[in-house]
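Those sequence lines, one after another, are chains A and B.
The first sequence maps to residues 1 to 449 in our numbering.
The second sequence maps to residues 1 to 449 in our numbering.
Note that these hints are calculated values from the structure, not bench results.
Mixed in with the good hints, there may be bad ones.
Same chains, same names: a pair is fine if it fits in one copy or spans any two.
What the hints assert, rightly or not - No more than 30 Å apart at the CA atoms, straight line, and that leaves these computed lysine-lysine pairs for DSBU-like:
(1) K112 with K382
(2) K112 with K195
(3) K112 with K100
(4) K100 with K198
(5) K388 with K198
(6) K4 with K198
(7) K61 with K195
(8) K382 with K195
(9) K388 with K195
(10) K4 with K100
(11) K198 with K112
(12) K388 with K100
(13) K388 with K61
(14) K4 with K388
(15) K61 with K112
(16) K382 with K100
(17) K198 with K61
Protein chains: 2
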Amino acid sequence: MATKVTPLSGFPELLPAERLLELHFLDTIREVFELHGFTPIETRAVEPVERLLGQGGDADKEIYGLRRLAADDEDKGAELGLHFDLTVPFARYVLEHAGKLDFPFRRYQIQKVWRGERPQQGRFREFTQADIDVVDVGALAPHFEAEMPLVIAEVFSRLPVGEFHIQVNNRKITEGFYRGLGLTDNAGTLRIVDKLDKIGAANVRALLVESGATEEQAAGCLALAEIRSDDTSFVDQVRALGVDHPVLDEGLAELAAVIETGRSVAPGVLVADLRIARGLDYYTGTVYETQLVGGEAWGSVCSGGRYDSLASDGRTTYPGVGISIGVSRLVHLLIDNRGLTTSRRTPAAVLVAVTDEESRPHSTAVATALRARGIPCEVAPKADRFGKQIRYADRRGIPYVWFPGGRDDSGERPDQVKDIRSGEQVEADPSTWVCPDADLRPAVVTLTR
Amino acid sequence: MATKVTPLSGFPELLPAERLLELHFLDTIREVFELHGFTPIETRAVEPVERLLGQGGDADKEIYGLRRLAADDEDKGAELGLHFDLTVPFARYVLEHAGKLDFPFRRYQIQKVWRGERPQQGRFREFTQADIDVVDVGALAPHFEAEMPLVIAEVFSRLPVGEFHIQVNNRKITEGFYRGLGLTDNAGTLRIVDKLDKIGAANVRALLVESGATEEQAAGCLALAEIRSDDTSFVDQVRALGVDHPVLDEGLAELAAVIETGRSVAPGVLVADLRIARGLDYYTGTVYETQLVGGEAWGSVCSGGRYDSLASDGRTTYPGVGISIGVSRLVHLLIDNRGLTTSRRTPAAVLVAVTDEESRPHSTAVATALRARGIPCEVAPKADRFGKQIRYADRRGIPYVWFPGGRDDSGERPDQVKDIRSGEQVEADPSTWVCPDADLRPAVVTLTR
């Protein structure tokens, strides 16, 4: 096959060492999710297009539709599209399997999603998300809204991501405030205010006025969006703006509860930030975004919120709350901008050398003995001279080279193992040797810049 | 969203307990692959359609093409399709990144693939494959052909799959034999003989004659396909058919070497079976299929082979050999037909009870202490009476319920933990309690039938 090979913009691929780093992130995420009792599910990559449509923002035009190159009569059914997040498919999964699930249902889900948006820094057309959600039948206890960002805080505390803030807002605050101001197009207003970071206050003000708001109403919206606190003092700041509405009261109480719990469990991690909007329409209460300090230009690396009516079959509603780590964005950000790196290019900790091709079975037996004891190893692909085999290991970051012994004219020679980083070489038996690297998994070097 | 929820034929989804089983399979597969020094990579889900086309069998018409619902000028490039295996994308990855890879390059890859074929037992439109491959530059040492099925044998020996056979053939045997017989359309002949299991010997004979073979040539093809041995005696059986060709000699020697190594490392696992063809055109030497004894109707659960020219940029060729576990097929087969099951529906080993909503922070602190020591747990979602909280744990297969103590009128009460399977309840401290279940991962029950 001599077709030209070219990268596809927006479909990034990692080299082996980078993939080992990504796997370290994925393993850590999964471990923390499981420690918190989230159960794994996976949904199919496709949904009927009609289920994907109408979730707000640019989602609709970013959907990838599917068609078989040779479609036949069987495919007369619904048109299929690749999912663009894991929340919409999860809501559908809950509806489809409700009778067989235990509620409140806590699940995690780590999968690829696809969005046909314009590729740019941190924005890909194919990327991996890691989500947790809790859904219940009819009503969902508010303590879950405080729990979600705290699980994420634990994940991030175990990863070399540097300093981060999880920003929390509540859609009821913006909605109640806008209604209290006398504005009626809640979603439209929110969408304009959401552009604040991109286009600045003056332009947002102009757009709000253009959409029918008075100067005073526009100023109020902007004043609300400026409020930010890592304790519950945001409540008084909102009150000071003199706007009153029962939905606003509800939102302030809910957000205060989340921030209060956050302060007691993981101080300094959660921030009430009344500018946070989230693009998708299905959120109805608490919303989250996460920024790495110094990585703000990449956008949020972990987002989510509460949705009260995403999963409903018309009779029963399953309200939920969830949060999603943008794993691809996070890992690419750290590799590209922070020098995230590892010394390993393979999981193998030992290269078993091969003296000559006739003795390959002997080297294979050594490898089998090491593997039986959980030590990952590779048998040298070729009986080159040992210097070349050591270079083979060195190039891949394999720390140890094993030299099988054997019988020669001078009698029985024992096996030896060399730490090629220090040069130290000792006699060893594959059935008893203890690998000095306690953690055989690739060592992740924390950020180099 | 009140749209009707219906399953999509060919896109199976697992319930939580089933997904825990699948993850046990995936974790075991990954562990063995890493023990053997295969390095992880992941390729994008899409390739330009022209790269996917022309790989033989029904692959072409099973490709899913992609189009953005709102395509714009940026998308004027190559048409994209979802990959139907992991070998074609891996070959492309090798070509694209060759300058940054270490050869021979050993990689594993566990991903979804998509084939728009007619859904039926064990055949899905979306499924997970777990592949290992080794590629080298210019030439590939033959010992890798013996290694691939032995890694799989180790994977399967750690999984509750029952008895299995890995069948091995070599395309040079069929090609050399057909040419020695005087038949010229090697691929066409192979494709007809490959139908043997489906349509029987008489129909294969008729098709061969129809395609231009004499009765004697057709009889020769059928006689070759009948040969099967778990040692190298197949060589003499082929010789006895009196056909001679240098390519046949090469194939017989290569297959004999694979079977010989297999017998010495994992006796009874490999079988030389000269009927094995594999549907895809890119194989050029050794080919593998794997059947579970008693599960033959489901087809091969692990297949692969050697490909000499799949990865070539016109100047350099990267020959490779690989094998791929059909994880979805395997897991569905075992769940549906063999009663593969687990008692767990969540990774949580402990449910921390909540005495009343005011003391939820105390229960959360207990959970945090347990998690810090690697014990997965969940805090009860609601301060129901304890009987109800125990039932909550029981329904999910959570083996332990933790009752936080506290201070009441009678003084300080210690925490207690109950094994709800045995009913035994003991005093415990979350910072020292040792969970008696050594392996906190969901216990996989071996096949129940």
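Comparing the hints with the structure gives:
{"no.": "1", "hint": "K112 with K382", "in the structure": "neither (38 Å within a copy, 33 Å between copies)"}
{"no.": "2", "hint": "K112 with K195", "in the structure": "within (27 Å within a copy, 37 Å between copies)"}
{"no.": "3", "hint": "K112 with K100", "in the structure": "both (25 Å within a copy, 25 Å between copies)"}
{"no.": "4", "hint": "K100 with K198", "in the structure": "neither (45 Å within a copy, 38 Å between copies)"}
{"no.": "5", "hint": "K388 with K198", "in the structure": "neither (55 Å within a copy, 51 Å between copies)"}
{"no.": "6", "hint": "K4 with K198", "in the structure": "neither (38 Å within a copy, 39 Å between copies)"}
{"no.": "7", "hint": "K61 with K195", "in the structure": "within (19 Å within a copy, 45 Å between copies)"}
{"no.": "8", "hint": "K382 with K195", "in the structure": "neither (60 Å within a copy, 39 Å between copies)"}
{"no.": "9", "hint": "K388 with K195", "in the structure": "neither (58 Å within a copy, 48 Å between copies)"}
{"no.": "10", "hint": "K4 with K100", "in the structure": "between (49 Å within a copy, 18 Å between copies)"}
{"no.": "11", "hint": "K198 with K112", "in the structure": "within (28 Å within a copy, 37 Å between copies)"}
{"no.": "12", "hint": "K388 with K100", "in the structure": "between (58 Å within a copy, 19 Å between copies)"}
{"no.": "13", "hint": "K388 with K61", "in the structure": "neither (54 Å within a copy, 47 Å between copies)"}
{"no.": "14", "hint": "K4 with K388", "in the structure": "neither (33 Å within a copy, 63 Å between copies)"}
{"no.": "15", "hint": "K61 with K112", "in the structure": "both (19 Å within a copy, 25 Å between copies)"}
{"no.": "16", "hint": "K382 with K100", "in the structure": "between (54 Å within a copy, 21 Å between copies)"}
{"no.": "17", "hint": "K198 with K61", "in the structure": "within (21 Å within a copy, 45 Å between copies)"}
Checked against the numbered hints given earlier, this structure breaks hints 1, 4, 5, 6, 8, 9, 13 and 14; the rest are met.
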